[in-house]
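Student: Mapped onto mature numbering (1 follows the signal peptide of the UniProt record, and there is no 0), the consecutive letters of the sequence shown carry residue numbers -30 to -1, 1 to 217.
Honestly, the hints are just simulated from the structure, not real lab data. Incorrect hints may have been included.
[Unchecked claim] No more than 30 Å apart at the CA atoms, straight line, and that leaves these computed lysine-lysine pairs for BS3-like:
1. 61 with 94
2. 94 with 1
3. 61 with 1
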Amino acid sequence: MGVIVGPMSWSVKVIVAIVIWWMLFRCVSAKTNHSVGGSTGWDLASDLRAWAAATPFYAGDNLVFRYGPSHDLLEVNRSDFAACETINPIKAYRDGETVVPLEEGGTTRYFFCGRSDHCSRGLKLEAQVLLHNATVKNPSSSGGNSRHSPPPPPPPPLRRKANSQHLSPPPPPPRNLDRPSHPPPLTPPAIGGEYCRPCSGAGVSVTKLIGIDDNIEMMISWVHAAGLIFLRCWTFPAVIAFHLLNS
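Kindly generate the complete structure, drawing on both the sequences and the hints.
Tutor: This is the structure:
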(Lines of atoms letter the chains of each structure in order from A and count residues from 1; the text may use other names and numbers.)
(Lines give C-alpha, C1' and ligand atoms only; values in the text may rest on other atoms or scores of the structure.)
Protein backbone atom coordinates (compact mmCIF):
# COMPACT_ATOMS: atom_id res chain seq x y z
CA MET A 1 0.00 0.00 0.00
CA GLY A 2 1.20 3.46 -0.81
CA VAL A 3 1.67 6.10 1.87
CA ILE A 4 -0.75 8.99 1.58
CA VAL A 5 0.74 12.23 2.69
CA GLY A 6 -1.91 14.59 4.04
CA PRO A 7 -1.73 18.34 4.36
CA MET A 8 1.03 19.69 6.57
CA SER A 9 -0.13 20.33 10.12
CA TRP A 10 0.09 23.73 11.77
CA SER A 11 2.90 22.71 14.16
CA VAL A 12 5.04 21.41 11.30
CA LYS A 13 4.60 24.68 9.44
CA VAL A 14 5.77 26.60 12.51
CA ILE A 15 8.86 24.42 12.86
CA VAL A 16 9.75 24.83 9.18
CA ALA A 17 9.34 28.62 9.44
CA ILE A 18 11.60 28.75 12.52
CA VAL A 19 14.30 26.70 10.77
CA ILE A 20 14.22 28.94 7.69
CA TRP A 21 14.38 32.09 9.83
CA TRP A 22 17.33 30.69 11.80
CA MET A 23 19.23 29.87 8.60
CA LEU A 24 18.65 33.38 7.25
CA PHE A 25 19.79 34.89 10.53
CA ARG A 26 23.00 32.84 10.45
CA CYS A 27 23.65 33.98 6.90
CA VAL A 28 23.19 37.63 7.81
CA SER A 29 25.11 37.55 11.08
CA ALA A 30 27.88 35.22 9.94
CA LYS A 31 31.31 36.24 11.14
CA THR A 32 33.95 37.21 8.61
CA ASN A 33 37.66 36.65 9.11
CA HIS A 34 39.60 39.49 7.51
CA SER A 35 43.18 38.64 6.61
CA VAL A 36 44.84 41.99 7.27
CA GLY A 37 46.88 43.20 4.30
CA GLY A 38 45.54 40.56 1.93
CA SER A 39 48.02 38.08 0.48
CA THR A 40 51.10 39.95 1.75
CA GLY A 41 49.78 40.05 5.32
CA TRP A 42 50.98 42.33 8.13
CA ASP A 43 54.08 43.62 6.35
CA LEU A 44 55.65 46.81 5.04
CA ALA A 45 54.98 45.60 1.50
CA SER A 46 51.21 45.77 2.10
CA ASP A 47 49.20 48.85 1.24
CA LEU A 48 47.12 48.79 4.40
CA ARG A 49 45.38 52.09 3.65
CA ALA A 50 44.02 50.86 0.32
CA TRP A 51 43.12 47.49 1.83
CA ALA A 52 41.16 49.09 4.68
CA ALA A 53 39.41 51.42 2.23
CA ALA A 54 37.99 48.41 0.37
CA THR A 55 37.14 46.34 3.45
CA PRO A 56 34.22 47.16 5.76
CA PHE A 57 34.49 45.85 9.32
CA TYR A 58 31.33 44.80 11.18
CA ALA A 59 30.67 43.79 14.75
CA GLY A 60 31.32 40.06 15.11
CA ASP A 61 34.07 39.94 12.48
CA ASN A 62 37.67 38.93 13.19
CA LEU A 63 40.92 40.60 12.14
CA VAL A 64 43.60 38.03 11.33
CA PHE A 65 47.18 39.40 11.47
CA ARG A 66 49.86 37.20 9.91
CA TYR A 67 53.47 38.44 10.28
CA GLY A 68 57.03 37.22 10.55
CA PRO A 69 59.49 37.49 13.45
CA SER A 70 60.61 40.95 12.30
CA HIS A 71 57.19 42.38 13.18
CA ASP A 72 54.82 42.48 16.11
CA LEU A 73 51.32 43.86 16.77
CA LEU A 74 50.32 46.57 19.22
CA GLU A 75 46.80 47.80 19.90
CA VAL A 76 46.81 51.39 21.15
CA ASN A 77 44.53 54.36 21.67
CA ARG A 78 43.98 57.14 19.19
CA SER A 79 46.63 59.57 20.45
CA ASP A 80 49.34 56.89 20.60
CA PHE A 81 48.29 55.73 17.14
CA ALA A 82 48.82 59.22 15.73
CA ALA A 83 52.22 59.57 17.44
CA CYS A 84 53.34 55.93 16.91
CA GLU A 85 53.87 55.73 20.68
CA THR A 86 54.85 52.22 21.86
CA ILE A 87 55.28 52.75 25.62
CA ASN A 88 51.81 51.91 26.98
CA PRO A 89 49.94 49.74 24.44
CA ILE A 90 46.50 48.36 25.25
CA LYS A 91 47.61 44.93 24.09
CA ALA A 92 50.79 43.50 22.53
CA TYR A 93 51.01 40.38 20.35
CA ARG A 94 54.07 38.52 19.02
CA ASP A 95 52.73 35.10 18.12
CA GLY A 96 52.96 35.56 14.33
CA GLU A 97 49.24 34.91 13.70
CA THR A 98 46.93 36.98 15.87
CA VAL A 99 43.14 36.85 15.70
CA VAL A 100 41.46 39.98 17.10
CA PRO A 101 37.66 39.79 17.46
CA LEU A 102 35.69 42.93 16.71
CA GLU A 103 32.99 42.58 19.33
CA GLU A 104 31.45 46.02 19.69
CA GLY A 105 30.02 48.04 16.82
CA GLY A 106 30.33 51.79 16.62
CA THR A 107 33.93 51.80 17.86
CA THR A 108 37.32 52.33 16.25
CA ARG A 109 40.33 50.10 16.86
CA TYR A 110 43.94 51.18 16.32
CA PHE A 111 46.88 48.87 15.53
CA PHE A 112 50.49 49.30 14.41
CA CYS A 113 53.82 47.50 14.41
CA GLY A 114 56.07 48.48 17.30
CA ARG A 115 59.36 47.49 15.70
CA SER A 116 61.82 50.23 14.72
CA ASP A 117 60.18 52.83 12.47
CA HIS A 118 57.60 50.47 10.95
CA CYS A 119 54.66 52.53 12.23
CA SER A 120 55.89 55.77 10.67
CA ARG A 121 56.52 53.87 7.43
CA GLY A 122 52.86 52.85 7.18
CA LEU A 123 52.54 49.52 9.00
CA LYS A 124 49.45 50.64 10.90
CA LEU A 125 45.71 50.05 10.70
CA GLU A 126 42.68 52.06 11.79
CA ALA A 127 39.55 49.90 11.78
CA GLN A 128 36.12 51.42 12.33
CA VAL A 129 33.74 48.71 13.52
CA LEU A 130 30.25 49.15 12.08
CA LEU A 131 26.89 47.73 13.03
CA HIS A 132 25.28 45.38 10.54
CA ASN A 133 22.65 47.97 9.58
CA ALA A 134 25.17 50.79 9.25
CA THR A 135 26.22 52.19 5.91
CA VAL A 136 29.12 54.37 7.06
CA LYS A 137 32.36 53.60 5.26
CA ASN A 138 35.69 53.02 6.91
CA PRO A 139 37.40 56.40 7.51
CA SER A 140 40.53 55.07 5.79
CA SER A 141 38.57 54.79 2.55
CA SER A 142 38.73 58.53 1.98
CA GLY A 143 42.52 58.70 2.18
CA GLY A 144 44.73 60.48 4.67
CA ASN A 145 44.82 63.85 2.95
CA SER A 146 41.23 64.08 1.73
CA ARG A 147 38.85 66.27 3.64
CA HIS A 148 35.30 67.35 3.28
CA SER A 149 35.08 70.45 1.18
CA PRO A 150 34.05 73.43 3.28
CA PRO A 151 30.64 74.93 2.60
CA PRO A 152 30.63 77.88 0.23
CA PRO A 153 30.86 81.27 1.93
CA PRO A 154 27.62 83.19 2.26
CA PRO A 155 27.02 85.86 -0.36
CA PRO A 156 28.15 89.36 0.62
CA PRO A 157 25.43 91.70 1.82
CA LEU A 158 24.00 94.03 -0.73
CA ARG A 159 25.47 97.52 -0.54
CA ARG A 160 23.44 100.59 -1.04
CA LYS A 161 24.56 102.97 -3.70
CA ALA A 162 26.51 105.96 -2.48
CA ASN A 163 24.22 108.37 -4.24
CA SER A 164 21.04 106.77 -2.97
CA GLN A 165 18.87 109.10 -0.95
CA HIS A 166 15.70 108.69 1.00
CA LEU A 167 12.66 109.46 -1.02
CA SER A 168 11.14 112.76 0.04
CA PRO A 169 7.41 112.74 0.81
CA PRO A 170 5.17 114.11 -1.92
CA PRO A 171 4.43 117.84 -1.65
CA PRO A 172 1.07 118.82 -0.17
CA PRO A 173 -1.68 119.59 -2.65
CA PRO A 174 -1.86 123.26 -3.65
CA ARG A 175 -4.35 125.34 -1.79
CA ASN A 176 -7.32 126.54 -3.72
CA LEU A 177 -6.69 130.27 -4.02
CA ASP A 178 -9.96 130.81 -5.86
CA ARG A 179 -12.11 129.59 -2.98
CA PRO A 180 -14.09 132.52 -1.50
CA SER A 181 -13.23 133.57 2.00
CA HIS A 182 -16.92 133.53 3.04
CA PRO A 183 -19.41 130.77 2.31
CA PRO A 184 -22.12 131.62 -0.21
CA PRO A 185 -25.40 132.77 1.26
CA LEU A 186 -27.91 130.06 1.97
CA THR A 187 -30.96 129.93 -0.19
CA PRO A 188 -34.24 129.62 1.72
CA PRO A 189 -36.35 126.59 0.93
CA ALA A 190 -39.10 126.87 -1.59
CA ILE A 191 -42.65 126.77 -0.28
CA GLY A 192 -45.46 126.43 -2.76
CA GLY A 193 -43.07 126.86 -5.65
CA GLU A 194 -41.98 130.35 -4.53
CA TYR A 195 -39.22 131.60 -2.29
CA CYS A 196 -40.44 133.22 0.87
CA ARG A 197 -38.91 136.33 2.19
CA PRO A 198 -39.08 136.98 5.94
CA CYS A 199 -40.65 140.33 5.51
CA SER A 200 -42.30 142.54 3.00
CA GLY A 201 -40.45 145.17 1.11
CA ALA A 202 -40.82 147.52 4.02
CA GLY A 203 -39.43 144.90 6.35
CA VAL A 204 -36.40 144.43 4.13
CA SER A 205 -35.84 148.15 4.14
CA VAL A 206 -36.07 148.20 7.92
CA THR A 207 -33.51 145.39 8.27
CA LYS A 208 -31.15 147.23 5.99
CA LEU A 209 -31.82 150.43 7.88
CA ILE A 210 -30.92 148.98 11.27
CA GLY A 211 -27.83 147.24 9.83
CA ILE A 212 -28.88 143.55 9.78
CA ASP A 213 -26.52 141.78 7.44
CA ASP A 214 -27.35 139.12 4.89
CA ASN A 215 -26.62 136.14 7.16
CA ILE A 216 -29.06 137.25 9.84
CA GLU A 217 -31.59 137.97 7.14
CA MET A 218 -31.11 134.46 5.83
CA MET A 219 -31.65 133.00 9.31
CA ILE A 220 -34.89 134.90 9.62
CA SER A 221 -35.94 133.52 6.23
CA TRP A 222 -35.27 129.97 7.47
CA VAL A 223 -37.30 130.53 10.63
CA HIS A 224 -40.16 131.98 8.63
CA ALA A 225 -40.06 129.07 6.19
CA ALA A 226 -40.07 126.58 9.05
CA GLY A 227 -43.15 128.26 10.54
CA LEU A 228 -44.99 128.08 7.26
CA ILE A 229 -44.12 124.42 6.84
CA PHE A 230 -45.38 123.71 10.36
CA LEU A 231 -48.65 125.50 9.72
CA ARG A 232 -49.24 123.73 6.41
CA CYS A 233 -48.26 120.28 7.68
CA TRP A 234 -50.10 120.34 11.02
CA THR A 235 -53.04 122.71 10.64
CA PHE A 236 -55.03 120.61 8.21
CA PRO A 237 -54.63 117.33 10.17
CA ALA A 238 -55.51 119.18 13.39
CA VAL A 239 -58.72 120.54 11.87
CA ILE A 240 -59.72 117.11 10.64
CA ALA A 241 -58.99 115.57 14.03
CA PHE A 242 -61.03 118.27 15.77
CA HIS A 243 -64.06 117.59 13.55
CA LEU A 244 -63.79 113.87 14.10
CA LEU A 245 -63.71 114.27 17.85
CA ASN A 246 -66.75 116.57 17.90
CA SER A 247 -68.82 114.51 15.49
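Student: Given the hint that residue 61 pairs with residue 94, test it: the Cα-Cα distance must not exceed 30 Å.
Tutor: Given that 30 Å is the threshold and the Cα spacing comes to 14 Å, the pair holds.
Student: Check the hint pairing residue 94 with residue 1 against an upper bound of 30 Å on the C-alpha distance.
Tutor: holds (23 Å)
Student: Does residue 61 pair with residue 1 here, judged by a C-alpha cut-off of 30 Å?
Tutor: The given pair, whose Cα atoms are some 23 Å apart, holds under the 30 Å limit.
Of the hints listed earlier, there is not a single one the structure fails to meet.
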